[in-house]
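Peer 1: From first to last, the protein sequence lines stand for chains B and L.
Just so we're aligned, residue 1 is where the first sequence starts under this note's numbering, counting upward by one.
Just so we're aligned, residue 1 is where the second sequence starts under this note's numbering, counting upward by one.
Some hints could be false.
In silico lysine to any residue, SDA-like type, Cα no more than 25 Å apart, as pairs [said to hold, decoys possible]: (1) L/35 x B/314; (2) B/333 x L/25; (3) L/27 x B/86; (4) L/82 x L/54; (5) L/9 x B/338; (6) L/27 x B/235; (7) L/165 x L/51; (8) L/35 x B/311; (9) L/16 x B/220; (10) L/151 x L/173; (11) L/35 x B/220; (12) L/27 x B/34; (13) L/35 x B/341; (14) L/16 x B/324; (15) B/333 x L/151; (16) L/16 x B/334; (17) L/16 x B/328.
Output of the computed footprint for chain B on chain L, the stretches with three or more beta carbons under 8 Å from beta carbons of chain B [stated by the list, open to error]: (18) 21 to 31; (19) 37 to 51.
One side only, chain B facing chain L, incomplete, derived with CB under 10 Å [said to hold, decoys possible]: (20) 36; (21) 40; (22) 49; (23) 217; (24) 315; (25) 321.
Hint data in this document are derived by calculation from the structure and do not stem from the laboratory.
Computed from a predicted model, the values in this text were never measured in an experiment.
We put the CB at the ideal spot given by N, CA and C, even for glycine.
So the chains spell out like this:
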Amino acid sequence: MDITLIVITLVKAITMIVVVMSIAAYAVLAERKVCSWMQGRVGPNRTSLPIISAIPILGPFITRLGLIQPAADGLKFLFKEDIIPGHVNKFYYLMAPCLAIAPAFTTMTVLPFGKFVDSAGVTHPLVLANLDIGILFIFAVSSLGVYGLILAGWSANSKYPFLGGVRASAQLISYELAMGLSVLPVFMWANAPGEPAGMNIFLLVESQSPLSMICQFISGFIFLVTLFAETNRLPFDMPEAETELVSGYNTEYGSFKFGLFFVAEYTHIIVGSGVFTALFLGGWNLPFVNFAPGLVGAVLSVLVFLIKVFAVIFFFIWIRWTLPRFRYDQVMKLGWSVLLPLAIANLIANALIIALVDKVLL
Amino acid sequence: MATKVVERKPLSMSEKTYLPQIYNGLKTTFNNMLKPPVTLEYPDQRPDIPNGYRGVPTLVKDPNGREKCVSCQLCEFVCPPKAIRIKPGEISEESNNGHVEKAPQEFDINMLRCIYCGLCQEVCPEEAIYLQDIYSLNGLSREELIFKKQKLYEIGGTLPDEHYKWDKKLDDARNGTGHH
């Protein structure tokens with residue numbers, strides 16, 4: 001294999017990881033800031049560096065926004081004493097955070113985030129690996145993330161983490177079904193005769209039109225709700241449920257290992273928002289706007305995608321600080337007897353509409 | 001015991017479907033987000049202390065600069081945690097306030113014992129001791145937190161006086177009026 005190709009791929013991959021990691025760090029800050037604003041507080045506004053606070057006007061502004069806070073948080077996780085409780089199963093205890101974070105970072109390889117139209121008019125996807133089964137890959141790998149949670153809960157050898165782990169697996173099973181079914185209609189529309197997109201996310205986004213996306217309203221809604229459940233966000237944060245289970249699956253974790261869980265959670269949210277943006281919000285395209293070919297168009301498309309993703313992340317945070325947690329039985333009921341039938345009905349309805357459209361048009 | 005069964009209202013359609021409620025909740029939190037924060041950034045911003053606040057007890061002087069305490073020791077006796085210690089002292093006849101007869105020689109309030117009940121202020125016949133607006137108190141040693149007379153006057157300052165009781169007494173004695 002060509003050495004330059006390997007280097008280029010490496011650089012791309014590392015850039016992607018760095019970008020997603022920093023978005024994750026700032027998502028934590030956004031979480032804290034938005035939460036405090038919604039509760040009438042100020043939020044982190046003290047952390048600063050001497051060099052930065054010395055800049056006139058901008059420095060105090062950065063400090064007020066707490067933009068240095070993520071660095072302080074990260075350093076804190078890094079330098080805290082790393083305690084392994086005596087009663088844990090050490091091997092699995094140490095494996096769990098790695099298992100939680102690896103799938104989160106793997107899923108983003110197949111997530112396209114923009115397009116590049118070269119001078120010949122050929123559209124190239126901006127993605128690390130343009131898989132034909134992209135969405136399947138994301139589903140398959142992101143579900144593996146729950147193994148981290150289950151292992152953490154089980155290996156910690158104490159009851160609250162155990163309950164958290166059990167809940168995580170139950171919740172994953174209940175909502176994965178509805179999630180998968182809610183995505184099918186999107187791909188059914190994209191695979192119209194003449195332009196088969198397969199399960200490739202990039203081709204799907206390129207085949208979307210405003211009309212086809214409006215038809216996917218219910219699918220989008222189901223997907224969003226299940227996304228909340230999959231990423232263990234409130235109102236579905238059963239595995240963590242700090243008011244019931246201390247801190248759920250990560251109760252026995254501290255310092256950097258806890259930090260890994262934290263980063264994994266937020267990476268899941270970012271990738272999930274990215275998938276939602278690509279499937280239901282038109283990805284990097286804006287309706288009725290065509291980006292000019294070349295580098296500028298590519299940068300614009302990435303910016304559009306990022307802004308949409310940030311909006312979805314904000315929505316995640318907004319929901320979290322608005323809704324109380326569901327009771328466990330309500331979560332199960334919602335998953336099995338509301339969302340799953342709704343997803344199936346939606347699938348059938350879409351299939352009928354597509355059949356009808358085919359009959360009429362062809 | 002008689003129990004009263006409260007009839008529960010059936011859920012309305014919007015409550016059953018839950019989504020309109022979520023929408024309302026989102027609206028509320030979003031509006032909250034745009035409002036200014038209600039918190040006070042404490043060490044930088046200080047709260048306004050209302051009148052009548054019971055902070056650290058202090059000794060006050062009247063506008064003429066006379067120390068009002070006559071060391072009657074009522075506060076010492078009433079103080080529930082026994083935080084006040086007074087050693088009475090004489091005022092020399094030659095001084096301006098000779099007619100007042102007594103003033104504390106030592107006046108200690110042990111702030112480690114004080115419970116900020118305000119009984120000393122309530123009981124004082126001379127209106128000499130006031131719980132004022134100092135709400136945050138700390139010290140590096142136990143000795144530092146036993147407030148001596150000088151420190152108590154320092155933080156007490158001067159408060160307006162409605163009566164000038166001792167001036168009136170002096171006038172009465174000179175003019176031969178009054179009740180005594």
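Peer 1: Assess, step by step, whether the Cα of residue 16 of chain L is no farther than 25 Å from the Cα of residue 328 of chain B, and give holds or violated.
Peer 2: 18 Å, holds
Peer 1: Residue 40 of chain B was flagged as interface toward chain L. Is the shortest Cβ-Cβ separation under 10 Å?
Peer 2: 4 Å, holds
Peer 1: For residue 35 of chain L and residue 220 of chain B, compute the direct alpha-carbon distance and say whether it is at most 25 Å.
Peer 2: 31 Å, violated
Peer 1: Could you grab the alpha-carbon distance between residue 27 of chain L and residue 235 of chain B and see if it respects the 25 Å cut-off?
Peer 2: 17 Å, holds
Peer 1: Is residue 35 of chain L within 25 Å of residue 314 of chain B, Cα to Cα?
Peer 2: Holds, at about 18 Å.
Peer 1: For the pair we were handed, residue 333 of chain B and residue 25 of chain L, check the Cα-Cα distance against 25 Å.
Peer 2: 22 Å, holds
Peer 1: Mind checking the alpha carbons of residue 16 of chain L and residue 220 of chain B for me, to see if they're no more than 25 Å apart?
Peer 2: With Cα atoms ~21 Å apart, residue 16 of chain L and residue 220 of chain B stay inside 25 Å; holds.
Peer 1: Holds or violated: residue 217 of chain B as interface residue toward chain L, Cβ cutoff 10 Å?
Peer 2: Nearest chain L Cβ about 13 Å off; hint violated.
Peer 1: Is the hinted pair residue 16 of chain L and residue 324 of chain B satisfied, with a Cα-Cα distance of at most 25 Å?
Peer 2: 16 Å, holds
Peer 1: Quick one, are residue 27 of chain L and residue 34 of chain B close enough, alpha carbons at most 25 Å?
Peer 2: 14 Å, holds
Peer 1: Would you say the stretch 37 to 51 of chain L counts as covered by chain B, given the rule of at least 3 residues with C-beta under 8 Å?
Peer 2: holds (count 4)
Peer 1: Measure nothing beyond the straight line between the CA atoms of residue 27 of chain L and residue 86 of chain B; if it is 25 Å or shorter, mark the hint as holding.
Peer 2: Status violated; Cα separation ~48 Å.
In the structure shown, a violation is registered for the earlier hints numbered 3, 10, 11, 13, 15, 22 and 23, in ascending order.
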